[in-house]
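Trainee: Read off the chains here:
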Amino acid sequence: MTSTKKDPVLVVLQLSGGNDYLNTVIPYTDPLYRDNRPGVHINDNELLKIDGNLGLHPSMGSIVDMYNRNDVAIIHGVGYPNSPRSHFRSMDIWHTCEPDRVGTEGWLGLAARDIDPDKENVVTVVSMGPSVFRAITVPGVPVACVNNLDEYGLLTGIDNEQRRDKILNRFTRMYAPAVGTGQVMDFLGETGLEAMKGADILKVAPDKYSSSVEYADTPIAKKLKGIAQVHLADLGTRIFYCDHGSFDSHANQLGLHTSLWKDVSEAVSDFFADLKEHGEGENVIMLLFSEFGRRVRDNGLGTDHGAGGAAFVIGDQVKGGQYGEYPSLKAEDLQQGDLVPNMDFRGLYSTVLENWMSLDAKPIVKGTFEKPLFV
Amino acid sequence: MVNEELNLMAHLMRRAGFGATREELEVLVEKGYEATLEELLDPQAEEPAHRDEFLRYHPGFWKPITSPGMGSAPWLHDLINSGHVLEEKIALFWHQVFATGQSKIDHWHEIMRQVDMFREKGMGDYRALLVELARNPAMIFWLDNCDNHAYAVNENWGRELLELFSMGVDNYTEDDVRDCSRAFTGWTLAPTIPRNAHGRHDWGFEYRDEDHDDGEKTFLGHTGQFNGEEIIDIVCQQDATARFIARHLYNFFVADETQVPSWSNTTPIDPDAIDTLAKAFQEHHYDIRSVLRVLFNSDFFKNAQFAKIKSPAELVVGTLRLVGGFEFPSPGIGNLSKEPGYMGQELLNPPSVEGWHTGPEWINSGALMKRINFTADMVGDVTKPGVSAIVGRVKAQGDLSSENFVDACLDLMGPMEVTDDTRRELVEHASESGTLSWGANSDEVSAERVGEMLQLIVSTREYQYT
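Those protein sequences? They're chains A and B, same order as listed.
Using the working numbering, the first residue of the first sequence is number 11, and each one after it goes up by one.
Using the working numbering, the first residue of the second sequence is number 1340, and each one after it goes up by one.
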C-alpha cells in the first residue's frame, strides 16, 4: 500500500444458517452431484456456467457478471477440521478463530484494535442490523451497531428535536468522567460517550448521500445501502459487517435458496455499482461466507447441516477466479456424508488481514495458515 | 427522604424478581421483609402466569416449526405477568448455568420445556434437578448424550456436568470425566418424529439398558458399577460442588463476580459469603430454597444494593413491569421478546454451554444504546399505566422545586441512588423549565416533564445497575 492510496476497507456479508455449497457453485459435470441430489438439484440448462465443470446458481446472474469482469474470487472447500455442524458453534469458530475452546474475542474486533489502538475513531467498525456479532466484539473496542441509519442514535424516540438535543447535551455531561466513582462507572461513562459520538458521526451519512442506484426493497439491500452511505460519507470506517439469511434450508430448499441468492446477488451488485458511480470502489472488498456448507445427499426437499463450503471475495482489487479445489464428492472421501474442507478459513482471513488490511494476521487467527492470494 | 425499609424491599424485589411498582412496594413493606421473602420462596397468595391463556391469543407460538427469532415470547409473557417472580428468576438463573440454546436444538418448545422444568424444580433439591437435567431431552441433544454409547463414549455431557453444572474445572481428572460419561451411556432420546407442516413433536427421554456400559467405574475416588444417578450422588457430596453453586448464586443474586471460566484461579470477592452459602447448601441437603433463604436474609445481600449490572432480561422485564400495560397477551410480544437479544441476551439461545458473560461484559456501545433507547421509549410514554401512576404520585406532592422534582422521580424509579454529579445534572435540567407546577393549564406540560425526567433517569449510568 502506498500512502497516496485510500485506506483499505472490508465489508463482511455473513450468509447465516449454512449456505448450500453444492447448489451455489454447482459441479454440474460430476455425476455424483446428480446422484446425491435427486430432489434438490439445479438443472444443467438453468445454471450459469463459469467453466467446463462449474456453474453458479441461476439467481446469481449479477455475481456471474462480476465474475466475468474478474472481480470475484471463489474460494473452494472452506472450513476447518472436525466441523461440529452446529450453527452456533460453527459461527462462533468463524467469529473467534477458536475451534478448540470457546473464544470471546472476535477476529474483526481484534483487527479494529490493531487499526485504531487509541480509539480515535469510534466508527472504525460499523455493523448493520440489530445484532452485535461476536466477530466484531472485543471488550473495550467500540462498535457502532446500526439498525436503521435514518433513525440511528441515542434517544431517537424523542420526536421534538429541540428537546432531544437538550437531553443529549445533558446525557453527555452525565457521562463525563468523574473522579472516584469506580472502574465500572468509568467504563460505562466511556462507552456511553462512544455511543453518542458514533451516532453523531454517522448521522451525517444519509444527508450527504445521493445516488442513481436504486436498491431493491430487501433487507440485505437496505443494509448494503446503509454501508454504502457510511462509506461514501468518508467517516473513516474500515470494517463493515452485516448478515443475511436464513440459509438453513432443511426443507423447501429450491425456492428458498433462489430468493436468498437473488436478493444477495442484486444487492451486492448494486452496492458495487453505487461505489463505482462515486469513484469510491477501489478500496473496498467484500467477503461472503457461511458457517458451513450442507450435506452432500439431500433429504428429499432440503439439505441438512454439512461441513465444507464456499466463500466469495468481491471487489475491483480482487484477482478474480477460483482458489483451492472443489472437495471430492466420492462417498469414500466424505466425512459423515459431508464435503471435507480443504481450505482453512483462517488462511482466507489471513489473506484479508495481511494482503488487504496490512495487519499481522498471526495473533488474530492464532497461527499460520496457507493463504489463497486473491488480493 | 431515606426510607431504609422501602430501599431494602425494592432491593429484594429487584433481585428476587424484576422490580416492583411503588404501589406493590408499599403493600410489601407493610407485610414485612421476612413474610415477603417467604411468599417469594413458596408462593401461596399470588398467581403464576398462565401459558394456556397466552397460547390462546398467540397460537403461532405453540411448538413453532420455524425459528422466527421470537421463540422466547411465551417466556417473556410469563416473566412479565407471573406473580411467582422468584420462580421466574430462578428459571432464568438455571437457564444461565445450564445454558441450552436454540442454535443447536432448533426446537424452541423443547428449550421452553426445559425452562418450565427449571421453574418447577429450580428451588427444590439440586440433586433431583441434576437428575432431571440429565434426562432432559433438550440437554441430551445439546450435549450429545444421544451419541454416548456403551461401545463409543461421547464425553460432552459427562464433562460439562462436572465443569459447568456442578464442580468447576480442576476438581476432577480426565479419568473421572471418562467414567462419568460411561455412567450416562444409554441415557438417550426416545425416537423422535420428524417435524410436520404444522408444528413439531415433543422429544422424550429413554433409558436403553442394552446401550448402557454396566462395567466398573472409578469416579472421584469411588469405585463401583455406577449408573448416572450414583454419579450425581457423588457429585453432590463434593465440597467443590457446594462452593461452585454458591458462587453462581452469589454472582446472580448478590454482586457481579469475575466470569465463570476464571473462578478456578480467582478468589471470590466475598469468600465468607461463599462459605456461608456453601455450608447452607450442604446442611440443607442441596435444597436451593433453603440456600436462598440464607442468602436473602444475609447482611452481605442486604448491603449489596446496586452492586450488579442488570442483565438485558432484567432490564427489559423490569422496565415492562414498571410501565405496565403488557399484561394482556398483546400483539407486540413477539417483537418485544427480541429486545433482550438486541442487547446481547437472546433468551433460549445463549451463545454457548458456558452461558452469557455477565456484569460489565453486558455493556458495549451498541448494547448500551439499545438499553437506553428501549427504556426511554417505555418510560417516556405517560399514557402507560405505570408511568401514569408515577406522574400521579409526583402530582400528589404539589408544586415542586427542581430539587424536589428530581428527588421525587428518583424515589419513584427505585428508590434509585445516583452520584452527586448525576443528581446535579438532573436538577440543572429540571431547573431550565422552572418549578414543576400543576393546575388546569399546566397538567399536561408537567406530565410530559415528568416523562422526560424519567427518560433522562433511565439514560443514566446508575440505571444500568440493579
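To be clear, the hints were calculated from the coordinates, so they are not data collected in a lab.
The model shown is predicted, which means the values in this text are computed figures rather than measured ones.
C-beta: ideal position from N, C-alpha, C; glycine also.
Misleading hints may appear alongside valid ones.
[To be verified] Quick partial rundown of chain A residues pointing at chain B, CB under 7 Å, derived from the structure:
hint : residue
1    : N80
2    : N179
3    : R180
4    : E204
5    : K272
Trainee: Quick check on the hint: A/N179 CB to chain B CB, less than 7 Å?
Mentor: violated, 9 Å
Trainee: Should the hint that A/K272 touches chain B count as held when the rule is a Cβ pair under 7 Å?
Mentor: violated, 20 Å
Trainee: Closer than 7 Å between Cβ atoms is the bar; does A/N80 clear it against chain B? Give me holds or violated.
Mentor: violated, 37 Å
Trainee: Close enough to count: is the Cβ of A/R180 nearer than 7 Å to one in chain B?
Mentor: holds, 5 Å
Trainee: Can we keep the A/E204 interface hint, with Cβ of chain B closer than 7 Å?
Mentor: At 5 Å from the nearest chain B Cβ, A/E204 passes the 7 Å test, so the hint holds.
The structure shown violates the earlier hints numbered 1, 2 and 5.
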